[in-house]
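**Student:** Given the sequences, and given the hints that come with them, work out the whole structure.
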Amino acid sequence: MATLKINGETVTVDVEDDTPLLWVIREQVGLTGTKYGCGIAQCGTCTIHIDGSPVRSCVYPVGALSGDEEITTIEGLSEDASHPVQQAWAELDIPQCGYCQPGMIMAVSGMLNDNPNPSDEDIDAEITNICRCGTLARVRKGIKLAVEKA
Amino acid sequence: MADTGFLSRRGFIVGTGATGLTIGILASCAPAANEPEEPDYSDLAPNDEVNAWVHIDHDDTVTVRIARSEMGQGTLTGLAQLVADELDCDWSKVKTEYPTPGENLARERVWRDYATGGSQGIRGSQDYVREGAAAAKAMLIEAAANEWGVPASECTSENSVITHGPSGQTTTYGKVAGAASQLAPPLEVTVKDPADWKIIGEAKQRLDTADKLTGAQVYGADVQLDGMLNAAVKQAPKIGATLKSFDAAAVEGMPGVAKVVSVRNTFGEGDIAVAVIADTWWHANKALEALPVEWEGGVEFSTTEFEAELDNGLTAEEAFVGNGGGDLDGAFSGAAQMVEATYNMPLQNHACMEPMNTTALYTDERCEIWCPTQNGEAALGAVAEASGLPIEQCEVYKLHLGGGFGRRAMPDYVHQAVLIAKEMPGTPVKMLWSREESMMHGFFHPTTKARVRGSLDADGNLTGMHMRISGQSILAALIPQALQDGVDYATFQGLLPAGVDPRLEDQVLKYSFDNFLIDHAMRNPPVRPGFWRGVNLNQNAIYLECFMDEMAHAAGRDPLEFRLAHLGDSPKAAAVLQAVADGSGWGSDDGKARGLCVMYGFGSYVAACAEVTVDDDGVLSIDRIVAATDPGHAVNPQQIEAQVEGSFVYGLSAMLYGEITYEGGEVQERNFDTYNSLRIADMPEVETIIMPSGGFWGGVGEPTIAVAAPAVLNAIYAATGKRIRQLPIKDQDLRNA
Numbered sequence: 001m002a003t004l005k006i007n008g009e010t011v012t013v014d015v016e017d018d019t020p021l022l023w024v025i026r027e028q029v030g031l032t033g034t035k036y037g038c039g040i041a042q043c044g045t046c047t048i049h050i051d052g053s054p055v056r057s058c059v060y061p062v063g064a065l066s067g068d069e070e071i072t073t074i075e076g077l078s079e080d081a082s083h084p085v086q087q088a089w090a091e092l093d094i095p096q097c098g099y100c101q102p103g104m105i106m107a108v109s110g111m112l113n114d115n116p117n118p119s120d121e122d123i124d125a126e127i128t129n130i131c132r133c134g135t136l137a138r139v140r141k142g143i144k145l146a147v148e149k150a
Numbered sequence: 151m152a153d154t155g156f157l158s159r160r161g162f163i164v165g166t167g168a169t170g171l172t173i174g175i176l177a178s179c180a181p182a183a184n185e186p187e188e189p190d191y192s193d194l195a196p197n198d199e200v201n202a203w204v205h206i207d208h209d210d211t212v213t214v215r216i217a218r219s220e221m222g223q224g225t226l227t228g229l230a231q232l233v234a235d236e237l238d239c240d241w242s243k244v245k246t247e248y249p250t251p252g253e254n255l256a257r258e259r260v261w262r263d264y265a266t267g268g269s270q271g272i273r274g275s276q277d278y279v280r281e282g283a284a285a286a287k288a289m290l291i292e293a294a295a296n297e298w299g300v301p302a303s304e305c306t307s308e309n310s311v312i313t314h315g316p317s318g319q320t321t322t323y324g325k326v327a328g329a330a331s332q333l334a335p336p337l338e339v340t341v342k343d344p345a346d347w348k349i350i351g352e353a354k355q356r357l358d359t360a361d362k363l364t365g366a367q368v369y370g371a372d373v374q375l376d377g378m379l380n381a382a383v384k385q386a387p388k389i390g391a392t393l394k395s396f397d398a399a400a401v402e403g404m405p406g407v408a409k410v411v412s413v414r415n416t417f418g419e420g421d422i423a424v425a426v427i428a429d430t431w432w433h434a435n436k437a438l439e440a441l442p443v444e445w446e447g448g449v450e451f452s453t454t455e456f457e458a459e460l461d462n463g464l465t466a467e468e469a470f471v472g473n474g475g476g477d478l479d480g481a482f483s484g485a486a487q488m489v490e491a492t493y494n495m496p497l498q499n500h501a502c503m504e505p506m507n508t509t510a511l512y513t514d515e516r517c518e519i520w521c522p523t524q525n526g527e528a529a530l531g532a533v534a535e536a537s538g539l540p541i542e543q544c545e546v547y548k549l550h551l552g553g554g555f556g557r558r559a560m561p562d563y564v565h566q567a568v569l570i571a572k573e574m575p576g577t578p579v580k581m582l583w584s585r586e587e588s589m590m591h592g593f594f595h596p597t598t599k600a601r602v603r604g605s606l607d608a609d610g611n612l613t614g615m616h617m618r619i620s621g622q623s624i625l626a627a628l629i630p631q632a633l634q635d636g637v638d639y640a641t642f643q644g645l646l647p648a649g650v651d652p653r654l655e656d657q658v659l660k661y662s663f664d665n666f667l668i669d670h671a672m673r674n675p676p677v678r679p680g681f682w683r684g685v686n687l688n689q690n691a692i693y694l695e696c697f698m699d700e701m702a703h704a705a706g707r708d709p710l711e712f713r714l715a716h717l718g719d720s721p722k723a724a725a726v727l728q729a730v731a732d733g734s735g736w737g738s739d740d741g742k743a744r745g746l747c748v749m750y751g752f753g754s755y756v757a758a759c760a761e762v763t764v765d766d767d768g769v770l771s772i773d774r775i776v777a778a779t780d781p782g783h784a785v786n787p788q789q790i791e792a793q794v795e796g797s798f799v800y801g802l803s804a805m806l807y808g809e810i811t812y813e814g815g816e817v818q819e820r821n822f823d824t825y826n827s828l829r830i831a832d833m834p835e836v837e838t839i840i841m842p843s844g845g846f847w848g849g850v851g852e853p854t855i856a857v858a859a860p861a862v863l864n865a866i867y868a869a870t871g872k873r874i875r876q877l878p879i880k881d882q883d884l885r886n887a
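Line by line, the protein sequences give chains A and B. Numbering-wise, the first sequence is residues 1 to 150 according to the numbering used here. Numbering-wise, the second sequence is residues 151 to 887 according to the numbering used here.
Treat the hints as calculated values from the structure; they're not laboratory data. Hints may contain errors.
Okay, derived cross-link-like pairs now, DSS-like style, lysine-lysine, Cα gap no bigger than 30 Å in a straight line [unchecked claim]:
| hint | chain 1 | residue 1 | chain 2 | residue 2 |
| --- | --- | --- | --- | --- |
| 1 | A | K141 | B | K742 |
| 2 | B | K394 | B | K572 |
| 3 | A | K141 | B | K348 |
**Tutor:** And the structure:
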């Protein structure tokens with residue numbers, strides 16, 4: 001059993017401690033916006049926030065949580081897609097297939113929580129998500145637009 | 151005359167069994183012009199479709215039916231633009247939906263081809279889609295004219311409003327759609343002249359973005375059905391191996407496990423996979439990893455050892471001729487200088503971000519699947535085949551794809567999901583491959599090498615060229631009936647003469663050479679190849695365009711001028727090349743290292759000029775790429791730009807990292823740690839020049855991939871004096887020669 005605070009709500013789930021948070025979010029909590037891509041923290045599609053910081057949930061065992069952490073998924077980033085990153089993403093029409101974008105948006109918004117005005121070097125170092133459609137050029141523009149909108 | 155309209159409307163209502171006269175009166179009493187209030191349509195039955203492509207509801211919402219699959223390439227939006235423009239409808243009220251492959255079958259393939267590949271989404275369906283929309287518009291106008299008792303020729307349409315010019319009466323599409331649906335379609339329609347397009351050619355925002363920003367977009371991997379179980383699969387890791395045994399009892403007590411099943415081979419004999427079905431995928435996969443499994447047989451294939459086969463083909467006597475002409479022997483024997491280079495292309499995985507998956511529900515009477523597929527009809531066929539049910543009792547519900555790139559044109563995973571669900575009749579089962587399964591069991595980009603030799607005369611003119619391609623044929627493995635006397639002409643994408651195959655007219659060589667030969671010694675490894683975004687154009691562009699660069703330097707000539715000298719017969723190819731040269735500052739003395747590439751493929755002219763720096767430690771930085779594309783007609787420029795930018799990510803990821811190797815018959819690269827993809831830190835600035843010259847329809851999703859690697863490889867030479875001919879370049883020393 002584990003108790004999680006996720007998107008402002010407290011939920012109790014019946015899972016083994018070693019279950020990655022990704023799968024708890026998808027299969028027990030039922031929020032499927034957070035995606036499975038690699039299972040080894042390489043691609044970043046599973047990125048969520050724990051207390052505002054980006055975390056790759058596919059390698060984060062649920063048993064490592066105390067229950068006090070605030071977990072945020074793409075569904076909880078804003079009520080109505082109004083987060084500056086979501087607005088910038090809409091304005092620049094960034095997603096192609098879109099599968100990696102929840103993770104991309106959570107990685108970017110998590111970075112901006114800690115570093116509201118990242119340099120290009122900061123972006124290079126902190127945004128390492130894979131996008132096979134190749135939205136990366138627009139992602140960089142989107143980060144800068146989100147900074148303006150914040 | 152107004153009564154005629156009323157009667158025909160009432161006839162429609164009776165005939166369609168809607169709720170009767172009340173609706174007929176409501177509809178016929180609707181004032182003809184300048185309605186003061188928006189009526190409440192909530193009590194009305196939905197309108198029938200106007201035709202297969204177009205459904206219009208009472209509130210003027212236009213639903214465009216799209217047969218092709220959306221996998222990120224923007225085809226959904228582009229096709230909707232084609233329909234909306236011909237229809238003269240209000241773009242702000244356009245929605246899309248997928249008609250199911252089963253519905254297409256039942257309606258004698260009214261939506262025609264579902265296959266989404268070959269950069270055909272727009273260009274391969276633009277004619278009948280636009281004609282369908284034009285027919286729908288004619289029927290809407292006729293319905294309005296009937297209602298008013300006026301000639302249709304006196305009515306015009308714009309923004310979903312029909313106006314009768316002489317009287318000034320107006321109505322909307324939503325009001326006449328029901329009546330229009332009862333009319334016979336026009337025998338002939340004329341589509342608009344491109345000069346009259348209003349929505350085609352506009353940089354419209356995609357129609358499918360909103361849900362991709364909130365997690366609301368449901369992909370195949372996200373499907374949830376009542377009572378659904380989840381399956382994790384392990385396939386024989388070694389090529390050609392089969393399942394010998396497994397010990398289900400060892401894992402049946404593990405949390406959530408419902409059943410352990412074997413899965414028979416889709417394409418041959420025996421069982422080739424084992425699946426654990428459980429309450430959650432995590433439980434299924436955990437049990438699968440703990441499951442004792444023994445395999446038997448298989449092929450000890452090694453890509454390292456296969457190099458010798460490829461090398462053998464480079465100089466073999468026998469080869470299939472793809473293109474050629476003139477007197478090559480004469481050119482070579484009279485050469486002032488010969489140049490020779492050998493290049494390679496390794497196996498590559500599509501590596502879609504969404505791993506392979508399908509959810510299937512099987513009963514004795516029916517089998518349905520929910521599936522990300524590039525080919526809904528092939529998926530439907532796979533459902534029928536695997537379920538053993540008549541195809542009329544099968545159905546496919548398509549979902550947006552989390553990447554396709556050609557991988558999801560193959561229905562192997564659909565077949566497998568149905569076989570697994572068949573073990574649990576009445577229970578929906580979602581089968582999801584792990585990343586490792588998706589990496590190991592791909593349909594890989596074929597592997598080839600090429601040895602290219604060229605002759606120069608004393609003035610530095612290219613007098614002869616022989617390109618020998620050695621290696622794998624996609625068609626020989628997947629569609630052998632498409633070979634022509636053994637020749638796989640698709641191997642020669644971008645290198646073909648005109649007239650060899652009508653399906654390959656969009657892949658012809660645009661250079662003119664006096665004396666040349668391009669041939670292919672087929673050498674097939676026991677690895678299943680696939681159509682990988684850009685397909686054979688990708689390596690052919692490297693073989694041709696890196697060699698043209700080598701020849702230009704050997705001749706002491708400017709690589710731009712050297713290429714243009716052979717593009718006299720293809721002004722459109724010359725134009726895109728010149729555009730990237732001009733756009734990048736080619737020939738300036740700013741000290742930047744630049745490389746060029748130009749190709750024709752998938753019906754479009756594309757070029758790139760790359761600027762790179764290589765530091766003293768050999769670290770490559772791809773700084774900027776100027777790209778140009780002439781696809782004939784540009785339906786949505788901002789989406790073309792997105793495809794061009796994305797093509798560099800895909801093409802450069804392959805160039806930098808893309809390599810699948812086999813040892814002992816097993817794929818060695820099983821996840822993104824060993825099969826890397828370009829990250830934002832390595833993403834060059836991309837400037838896209840879209841220069842549609844009109845008069846033809848070219849593809850957009852693929853051709854630019856081919857120019858990515860050659861432009862960068864040629865720029866690396868400009869920076870370092872070193873030719874990189876071995877891909878991927880991840881482990882190579884790029885330091886100055």
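**Student:** Each hint needs a verdict: does it hold in this structure or not?
**Tutor:** Hints and how they fare:
Only pairs whose Cα atoms come within 30 Å are accepted, and K141(A) paired with K742(B) is accepted, the gap being roughly 24 Å. Using a Cα cut-off of 30 Å, the hinted pair K394(B) and K572(B) holds, with the two alpha carbons roughly 21 Å apart. About 28 Å separates the Cα atoms of K141(A) and K348(B), which keeps this hinted pair within 30 Å; it holds.
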